[in-house]
Amino acid sequence: MSNGTQESSRLRVSYVTRLLIPLMIVIILVIRPTWLRIFISSVSPFFNISTAIATRTATVPFVAGLSILVICICWRRWFCRWLCPLGLACELCGHVRSGQTSLNAIPRIGRHLAAITIGGAIASIPFFLMIDPIVILFGAFGMSGTAGYIFLGILAVVIIASFILPGIWCRRICPLGGMQELLATPAIGIRRRTKEEAPNKKESAMARRSFLSLAAGIAGGFAIRWIISPVRRRLRPPGAVPGNRFKTLCVRCGNCVRVCPSRIIAQDSNSPDTIGILAPKVSFDSDYCRQDCNLCGQGCPSGAIKPLPLIEKNKRKIGLARIDEPSCRLAWDAKCDLCMYVCPCEAIEEVFNRDKYLYTISINPEKCNGCGHCKIICPEHAISMKPA
Amino acid sequence: MHFRKEITMDNLNRRGFLKSLGLVSAATIASETLWADAIYKGSSIVERDAVSRGPAAKLINGKAIRPEHEIKIIRDTDVLVVGGGCAGVVAALSAARAGAKVTIVERYGCFGGLWTGGMVLIVLATHSNEKTGLTKCVRGIGDEMLERLKKIPGGIINQAPGKRDPTSDPEATKYIMACMLREAGVDMLLHSWVTNSIMEKETIRGAIFESKSGCRAITAKVIVDTTGDGDVYAAAGAEHVRHIHKIGLVHRLGNTDRIKSKKRMGGPTPHPSVKWVNMQGPPGDCLDVEALTRCDVDGREAIWNKLKALQEQPGNEKLFLLDTASQLGVRASRTLKGRYELKERDFGKTFEDTVGAGGAYFGIKVMCQIPYGILVPEKVDNILTAGRCVAADNLMLNFTRLIGPCLVTGQAAGAAAYLAAAQKTSPRNIAVPKLQELLKKQGAFLG
Ligand SMILES: Cc1cc2nc3c(=O)[nH]c(=O)nc-3n(C[C@H](O)[C@H](O)[C@H](O)COP(=O)(O)OP(=O)(O)OC[C@H]3O[C@@H](n4cnc5c(N)ncnc54)[C@H](O)[C@@H]3O)c2cc1C
Numbered sequence: 213m214s215n216g217t218q219e220s221s222r223l224r225v226s227y228v229t230r231l232l233i234p235l236m237i238v239i240i241l242v243i244r245p246t247w248l249r250i251f252i253s254s255v256s257p258f259f260n261i262s263t264a265i266a267t268r269t270a271t272v273p274f275v276a277g278l279s280i281l282v283i284c285i286c287w288r289r290w291f292c293r294w295l296c297p298l299g300l301a302c303e304l305c306g307h308v309r310s311g312q313t314s315l316n317a318i319p320r321i322g323r324h325l326a327a328i329t330i331g332g333a334i335a336s337i338p339f340f341l342m343i344d345p346i347v348i349l350f351g352a353f354g355m356s357g358t359a360g361y362i363f364l365g366i367l368a369v370v371i372i373a374s375f376i377l378p379g380i381w382c383r384r385i386c387p388l389g390g391m392q393e394l395l396a397t398p399a400i401g402i403r404r405r406t407k408e409e410a411p412n413k414k415e416s417a418m419a420r421r422s423f424l425s426l427a428a429g430i431a432g433g434f435a436i437r438w439i440i441s442p443v444r445r446r447l448r449p450p451g452a453v454p455g456n457r458f459k460t461l462c463v464r465c466g467n468c469v470r471v472c473p474s475r476i477i478a479q480d481s482n483s484p485d486t487i488g489i490l491a492p493k494v495s496f497d498s499d500y501c502r503q504d505c506n507l508c509g510q511g512c513p514s515g516a517i518k519p520l521p522l523i524e525k526n527k528r529k530i531g532l533a534r535i536d537e538p539s540c541r542l543a544w545d546a547k548c549d550l551c552m553y554v555c556p557c558e559a560i561e562e563v564f565n566r567d568k569y570l571y572t573i574s575i576n577p578e579k580c581n582g583c584g585h586c587k588i589i590c591p592e593h594a595i596s597m598k599p600a
Numbered sequence: 003m004h005f006r007k008e009i010t011m012d013n014l015n016r017r018g019f020l021k022s023l024g025l026v027s028a029a030t031i032a033s034e035t036l037w038a039d040a041i042y043k044g045s046s047i048v049e050r051d052a053v054s055r056g057p058a059a060k061l062i063n064g065k066a067i068r069p070e071h072e073i074k075i076i077r078d079t080d081v082l083v084v085g086g087g088c089a090g091v092v093a094a095l096s097a098a099r100a101g102a103k104v105t106i107v108e109r110y111g112c113f114g115g116l117w118t119g120g121m122v123l124i125v126l127a128t129h130s131n132e133k134t135g136l137t138k139c140v141r142g143i144g145d146e147m148l149e150r151l152k153k154i155p156g157g158i159i160n161q162a163p164g165k166r167d168p169t170s171d172p173e174a175t176k177y178i179m180a181c182m183l184r185e186a187g188v189d190m191l192l193h194s195w196v197t198n199s200i201m202e203k204e205t206i207r208g209a210i211f212e213s214k215s216g217c218r219a220i221t222a223k224v225i226v227d228t229t230g231d232g233d234v235y236a237a238a239g240a241e242h243v244r245h246i247h248k249i250g251l252v253h254r255l256g257n258t259d260r261i262k263s264k265k266r267m268g269g270p271t272p273h274p275s276v277k278w279v280n281m282q283g284p285p286g287d288c289l290d291v292e293a294l295t296r297c298d299v300d301g302r303e304a305i306w307n308k309l310k311a312l313q314e315q316p317g318n319e320k321l322f323l324l325d326t327a328s329q330l331g332v333r334a335s336r337t338l339k340g341r342y343e344l345k346e347r348d349f350g351k352t353f354e355d356t357v358g359a360g361g362a363y364f365g366i367k368v369m370c371q372i373p374y375g376i377l378v379p380e381k382v383d384n385i386l387t388a389g390r391c392v393a394a395d396n397l398m399l400n401f402t403r404l405i406g407p408c409l410v411t412g413q414a415a416g417a418a419a420y421l422a423a424a425q426k427t428s429p430r431n432i433a434v435p436k437l438q439e440l441l442k443k444q445g446a447f448l449g
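Line order of the protein sequences matches chains L and F.
When you read off a place in the first sequence, starting at 1, and then add 212, the result is the number in the working numbering.
When you read off a place in the second sequence, starting at 1, and then add 2, the result is the number in the working numbering.
For reference, chain L alone in the conformation it holds in the complex (with noise of 0.2 Å):
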């Protein structure tokens, strides 16, 4: 293929600045400081693109990282270039194999890769958008536990694979570089037009076939959120979106997980389902959701929590507190209110039961926030959190 030729002497021009800009981006991942990798997500137009849709929001962040995407449209691969540091790690396991090994054979899943998951953002569904590579990078780098090691494993399966066929990932599966082929479609096609050339049958077969592959998305999105209903739901961070939404718009980089305060915000490794594998899921093991905090939905990249303020956080529900009567100690005539008084939306009440002669507690489900101080303090070990 000429054209891969060209490029990769294209490729070679300037390696100390293309060397540089990448370098950073994985130092920051890995520094970690949150508000930055937020930005950092967004460089990549993939992610951008699909997470905004997906959460009909825009944040500062994908504003910002419009900018790029601009670049993208005018310059075919530009992020591939000079920003993707996976990109130059595939590029530098090519060049120590020497020999040309064509890849001619193999098709271009990348851009319809793309083209299904922004379909399926439509429907809130984003399916590959834990392979964009900035968001791998993030899981290899910035995780630790199982997240991390499965981040590491496909890392390392695309750093294998560019040794055996370089260019197999950037060129052929990557959904970024598909999605900038999508995005470059057009420009080139007026490119052409001003040349007056003739319109290449190939690509406009191509066009099509992507055009199938985002209505796919868009079906195989909807079919996800009305006909799977979640198996067994989890307890999800404060102002996550809710079901399988959640699931698939979570990009697993472990921001929640590791700016949580309480520490109760853990991945979920033997989720029920494998597309809520690793996305995060609350525990009120040993602690529970403050509530002057809110650092989970300021931390997440995608807006699978959103960033709310505090007050607002505050009146999402985690999950439901329940409450095992007989195991409460109000059940043999011991006093004890710790529930009750620890309760910041005063959703705890002792109710006298005639009948039994005895306190019950009763619990407000309207204002229970989940946040776990009861489950925490009690005792006895009374309280359990459940989904709402």
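Source of the hints: derived by calculation from the structure; they are not laboratory data.
Note that this is a predicted model, so its numbers are computed, not measured.
Note that beta-carbon positions come from the ideal geometry of N, C-alpha and C, so glycine has one too.
Worth double-checking, as some hints may not be accurate.
[Claimed, not checked] Here are some chain L residues pointing at chain F (derived, C-beta under 8 Å): (1) R437; (2) W438; (3) L542; (4) W544; (5) D545; (6) A546; (7) F564; (8) Y569.
Starting from the structure of chain L, add chain F with the ligand where the hints point.
Frame of chain L, contents of chain F with the ligand only:
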């Protein structure tokens, strides 16, 4: 049968009676003697009746009217303590030991109030529980009482260095309280229900009480209201706040160590086979006699129902109801509008007029100093209070009403009453540093 009747009718003297029995066998003599003795002794007839309840009330136009009449003053004393609960007993001891002539009046037949008759056995808030370790807050007379209980086998548990919040046996406590009062030379009046105050303008001069002897009066230089319900300061016109709180019937279960049930039932007592159940009970007004009656009747029924359910579980057959409290578990009815009102934020604060300190209470680990201001009313002279009816807001009364703080306020009120009586002034006007000095001399801890 016939024979027995004859003897009684004949009105024999003891000797003659025994002689007449000499005819029967020795074994019969023994049993018959017991029986005959009771009947034989009979009663002695009262010639001069000391009971005087005044003229009967009159029904005038369908209304019951009590005619005005003079009430016999049976004592004139320095300090009159009304209410023999834990606060009252300690107040009487404190004043008497300081040198005052003290009379204590209690409506029931024993001392200790809710601690004994109410069967509330655990003495809470005795220590603060900070990082540096336990600090004993209840010292002085209260601690002396707990220490004396320790000398009685089965008298108290958890009264030892490094432990806090001991649990005592109610009978032992009643006994020790009476012993200590007698040793201190306190004049005691049981079975005497104070019904009103004796006023001279804004100043209280004494109290009147009803008893089997009829209506009687006691005058005193200073009155300490430790009725728990503020009966006397309310009668004297002191401003106060009224409360609705839970009313429970505390009871004890027996054989709790001989049953299988894993279900928890009640708290430990000095006796391994006995547990006490701190029944919460419905909210009610403990100054409403109808409510009190309902709570006693319904509470007892509930106890039997719950007991039945427990006994029906296999392995629980031996469980039984040892007793229910003779005194209904009333938590709060009145709190004084004092010179100061204690609030939850006062935990850990220091007061210039501190007269004691209470210890850790549920989630709160620090101690709470008790200012003198919560014992004295804003306006009325010659009276002060202690125990569960001191000036505290409706949250903090859950702290001031605990037995630990009641012991502390009791001692402070007693000492203050002595000072006021000795200086012939009102408790509102005594010099607090003097009071603090006296309390320290009595071994109290001021925080
Ligand atoms: C169900 C229940 C559970 C409790 N649990 C605990 C606990 O676990 N730990 C703890 O530390 N505290 C507990 N408390 C609180 C504590 O027991 C009481 O608040 C405390 O004993 C009050 O002491 P007192 O001396 O102020 O009042 P009381 O004990 O009420 O004493 C008042 C005395 O005055 C007498 N009296 C009242 N009116 C008159 C009158 N008009 N004339 C003459 N005499 C009168 C009464 O008969 C009584 O003897 C509980 C209370 C209740 C009711």
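Structure-based check of each hint:
no.: 1; hint: R437; result: violated, 45 Å
no.: 2; hint: W438; result: violated, 48 Å
no.: 3; hint: L542; result: holds, 7 Å
no.: 4; hint: W544; result: holds, 5 Å
no.: 5; hint: D545; result: holds, 5 Å
no.: 6; hint: A546; result: holds, 7 Å
no.: 7; hint: F564; result: holds, 5 Å
no.: 8; hint: Y569; result: holds, 3 Å
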